[in-house]
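Number of protein chains: 2
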Amino acid sequence: MPQLNENFLKLEKNYLFINIAKKVKAFSEANPDADIIRMGIGDVTLPIAKCVVDAMKKGADEMGVKETFKGYEDSGAGYDFLKEAVSGYYKSFGVEVKPSEIRINDGAKSDCGNIVDIFGNDNVVLITDPAYPVYVDTNRMNGRKVIFADSNEENGFAAMPDENVHADLIYLCSPNNPTGSVYTADQLRVWIDYAIKNDAVIIYDSAYEAFITEDGIPRSIYAIEGARKCAIEMCSLSKTAGFTGMRCGYTVIPDELVFKSSDGQDVSISQLWGRRQGSKFNGVSYPVQCAAAAVFSEEGIRQTRENIKYYQQNAAVIAAALDELGIKYTGGKNSPYIWLKCPNGMGSWEFFDKLLEEANVVGTPGAGFGKNGEGWFRLTAFGDADRTKEAMERIKKMLG
Amino acid sequence: MPQLNENFLKLEKNYLFINIAKKVKAFSEANPDADIIRMGIGDVTLPIAKCVVDAMKKGADEMGVKETFKGYEDSGAGYDFLKEAVSGYYKSFGVEVKPSEIRINDGAKSDCGNIVDIFGNDNVVLITDPAYPVYVDTNRMNGRKVIFADSNEENGFAAMPDENVHADLIYLCSPNNPTGSVYTADQLRVWIDYAIKNDAVIIYDSAYEAFITEDGIPRSIYAIEGARKCAIEMCSLSKTAGFTGMRCGYTVIPDELVFKSSDGQDVSISQLWGRRQGSKFNGVSYPVQCAAAAVFSEEGIRQTRENIKYYQQNAAVIAAALDELGIKYTGGKNSPYIWLKCPNGMGSWEFFDKLLEEANVVGTPGAGFGKNGEGWFRLTAFGDADRTKEAMERIKKMLG
Numbered sequence: 000m001p002q003l004n005e006n007f008l009k010l011e012k013n014y015l016f017i018n019i020a021k022k023v024k025a026f027s028e029a030n031p032d033a034d035i036i037r038m039g040i041g042d043v044t045l046p047i048a049k050c051v052v053d054a055m056k057k058g059a060d061e062m063g064v065k066e067t068f069k070g071y072e073d074s075g076a077g078y079d080f081l082k083e084a085v086s087g088y089y090k091s092f093g094v095e096v097k098p099s100e101i102r103i104n105d106g107a108k109s110d111c112g113n114i115v116d117i118f119g120n121d122n123v124v125l126i127t128d129p130a131y132p133v134y135v136d137t138n139r140m141n142g143r144k145v146i147f148a149d150s151n152e153e154n155g156f157a158a159m160p161d162e163n164v165h166a167d168l169i170y171l172c173s174p175n176n177p178t179g180s181v182y183t184a185d186q187l188r189v190w191i192d193y194a195i196k197n198d199a200v201i202i203y204d205s206a207y208e209a210f211i212t213e214d215g216i217p218r219s220i221y222a223i224e225g226a227r228k229c230a231i232e233m234c235s236l237s238k239t240a241g242f243t244g245m246r247c248g249y250t251v252i253p254d255e256l257v258f259k260s261s262d263g264q265d266v267s268i269s270q271l272w273g274r275r276q277g278s279k280f281n282g283v284s285y286p287v288q289c290a291a292a293a294v295f296s297e298e299g300i301r302q303t304r305e306n307i308k309y310y311q312q313n314a315a316v317i318a319a320a321l322d323e324l325g326i327k328y329t330g331g332k333n334s335p336y337i338w339l340k341c342p343n344g345m346g347s348w349e350f351f352d353k354l355l356e357e358a359n360v361v362g363t364p365g366a367g368f369g370k371n372g373e374g375w376f377r378l379t380a381f382g383d384a385d386r387t388k389e390a391m392e393r394i395k396k397m398l399g
Numbered sequence: 000m001p002q003l004n005e006n007f008l009k010l011e012k013n014y015l016f017i018n019i020a021k022k023v024k025a026f027s028e029a030n031p032d033a034d035i036i037r038m039g040i041g042d043v044t045l046p047i048a049k050c051v052v053d054a055m056k057k058g059a060d061e062m063g064v065k066e067t068f069k070g071y072e073d074s075g076a077g078y079d080f081l082k083e084a085v086s087g088y089y090k091s092f093g094v095e096v097k098p099s100e101i102r103i104n105d106g107a108k109s110d111c112g113n114i115v116d117i118f119g120n121d122n123v124v125l126i127t128d129p130a131y132p133v134y135v136d137t138n139r140m141n142g143r144k145v146i147f148a149d150s151n152e153e154n155g156f157a158a159m160p161d162e163n164v165h166a167d168l169i170y171l172c173s174p175n176n177p178t179g180s181v182y183t184a185d186q187l188r189v190w191i192d193y194a195i196k197n198d199a200v201i202i203y204d205s206a207y208e209a210f211i212t213e214d215g216i217p218r219s220i221y222a223i224e225g226a227r228k229c230a231i232e233m234c235s236l237s238k239t240a241g242f243t244g245m246r247c248g249y250t251v252i253p254d255e256l257v258f259k260s261s262d263g264q265d266v267s268i269s270q271l272w273g274r275r276q277g278s279k280f281n282g283v284s285y286p287v288q289c290a291a292a293a294v295f296s297e298e299g300i301r302q303t304r305e306n307i308k309y310y311q312q313n314a315a316v317i318a319a320a321l322d323e324l325g326i327k328y329t330g331g332k333n334s335p336y337i338w339l340k341c342p343n344g345m346g347s348w349e350f351f352d353k354l355l356e357e358a359n360v361v362g363t364p365g366a367g368f369g370k371n372g373e374g375w376f377r378l379t380a381f382g383d384a385d386r387t388k389e390a391m392e393r394i395k396k397m398l399g
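Chains as they are written, first to last, in numbering that gives the first Met the number 0: chain A, 0 to 399; chain B, 0 to 399.
Only chain A is shown next, with the shape it has when bound in the complex:
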């Protein structure tokens, strides 16, 4: 009889968003006439920019001609043209990352989930709570001890480290999913100092960096000194350029990220991860990489920034309605997420049900992101502008 990985049996049976999809499906089947507005899962709705589509089609055409056909990538870490484009993008906001420090992947979720493979199971993992469920689930799948740093109303949902607590692996996400909060440069400096003091690795999820508009909010952890000695950064084109269905992201591991093995050898984290990927990954589809590179072209940046502005206007609409209702929230600024306090002391799932049943609006219950999420609720600005307005009118009517 094969021994199963029984850590899985201790997890929530389903990934959060699969549970929500089931609830919505059941409601929709029972109420076929309900006009449901989805502001739950953080999925984009605007199409891919034209120059990006054109680049993918050009890549597809190359695959159809013997002279330009591409088979396996030598490294599986991404074509140089794309790594150079990502490096150039970092440079555009003042951060130096070498192309050789970048690995292209099929989306940040894969790397974020798989990176745990290269670490031992006895590490203490520190995750801010609430958090993207992937951080917690993927560590629990390996049976790791997870401790939490509280993000809550008092600290504006931006948890800071406790100097009395030791951690080996630290997950940070800014702009934050689900709370929309951001770390300032000073706050990140505190985390980096803490990581260096603890000889810890920060796994930094910057998937929402393209939504940062305010000065002084870092777009990358490498904007802060010391980060190259302690941080892995993961980013994705999903939110930057609407790639949720295209699937492409990147992971940065600086050359300085070297730790000792138990017998005192220097081990490069980049090499360790490369060895893992060499056996378990074969690179990203060539036409997808062509499309991704086009995102970072001048025209690509221009077109994708227009889409981001569209979503930012939705965020403003949501925020204005909540202001009108006197409901507290974080995010909406520098972030596509609005994290609101459920009105009248309602629980997260209670509010989810009420919103679905009475306003036919789907959001995400904060409790799904951790204990500090209880009583809070996430709405996304990724929808259609008119539908977002309509949803907020319904919510105002429901609560007014």
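Everything labelled a hint here was simulated from the structure, so no lab data went into it.
Please note that a few of the clues may not be correct.
You can't tell identical chains apart in this list, so a pair holds if it fits in one copy or across any two.
Claimed, not checked - Below, a list of computed lysine-lysine pairs in the BS3-like style, where the Cα atoms sit at most 30 Å apart:
#1 Lys12 / Lys97
#2 Lys144 / Lys9
#3 Lys22 / Lys327
#4 Lys308 / Lys57
#5 Lys308 / Lys65
#6 Lys228 / Lys9
#7 Lys22 / Lys97
#8 Lys259 / Lys144
#9 Lys388 / Lys22
#10 Lys332 / Lys65
#11 Lys9 / Lys24
#12 Lys395 / Lys65
#13 Lys259 / Lys9
#14 Lys332 / Lys308
#15 Lys65 / Lys49
#16 Lys24 / Lys340
#17 Lys144 / Lys370
#18 Lys259 / Lys12
#19 Lys22 / Lys259
#20 Lys97 / Lys9
#21 Lys9 / Lys22
#22 Lys22 / Lys65
#23 Lys24 / Lys65
#24 Lys21 / Lys97
This structure is a prediction, so every number in the text was calculated from the model and none was measured.
Got chain A sorted already, so can you dock chain B onto it with the hints?
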């Protein structure tokens, strides 16, 4: 200090094909005029069929229009249209697999490497030797005990189970990489009986099934009764349709694959794997899935079979040259690989060097695939027809 997964430090430093690439690069830099013919890595060279390219471009166009744009897939397991196409493909050679039992992935290597996550680390893993290095490496990364079943000259490189040895997880690959050998239906039946008797799971790699031409050689393990109770099958479009750079494959987990947890619960392997993928994977690029579905259309099958015939003719050229030289080999028939005995008792790497230096031909040393590979050597039929002929002429001259 983060604890590293030190199992990695016990592995070969690099994945086999990365080592070969480095050797070839060094030779090429030292001998810039050498006209190198690559028959090492099992990569295809013919372009993607036109109807498949067209389907990808249509998918890309849909991504550029709001009404047809696709974001996250609900399940991440593949669109129904593709799962139905794969199911129909199975039906075309007489095997029933439900679309809901199929999960689409970004290539068989990913699933083949990641599947170990859902099993405990105390399983006994049985791998035929020689084998595709991913099977061994990914289990050793988790610190699992790996035992081997010998494939060798005596058994035609088709290892059979030893009834006195217990195993929990079994890796089989037919047509085999690297040896080109195939299991008959009778041989597979013996393996399935063994697996059921041991309550074991077979992980069956059928990546080369499209190369089977002889009757009586199963294209899927599910062609054999009992397989649905013990086998996971993984296949890929890489060799079927030249998708090494497009990245798409599929994994089949039958509903019957249910095992007990240590406290006696029934656990569905499909659900366990779905939970893993739900947290660590976000589905395959939509235009890639469109391309993959086109492979299974009538026109797609016709175009891709032409490419396979082309490679089969290369295999025949290689085989004829080896026959002429009196060199023993397996494969070439039902397989794009020819597995030859190094002439004059040479070691695998010795022959690799000689072939590279004297004939400027790159192959893969059998020793890279396990201990029974020592003294053997793999050539692939995936090259250009003229170059394949040229390579065999050079080898004949070198050894003649």
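Can you give the numbers of the hints that this structure goes against, from lowest to highest?
Violated hints: none at all, because every hint is consistent with the structure.
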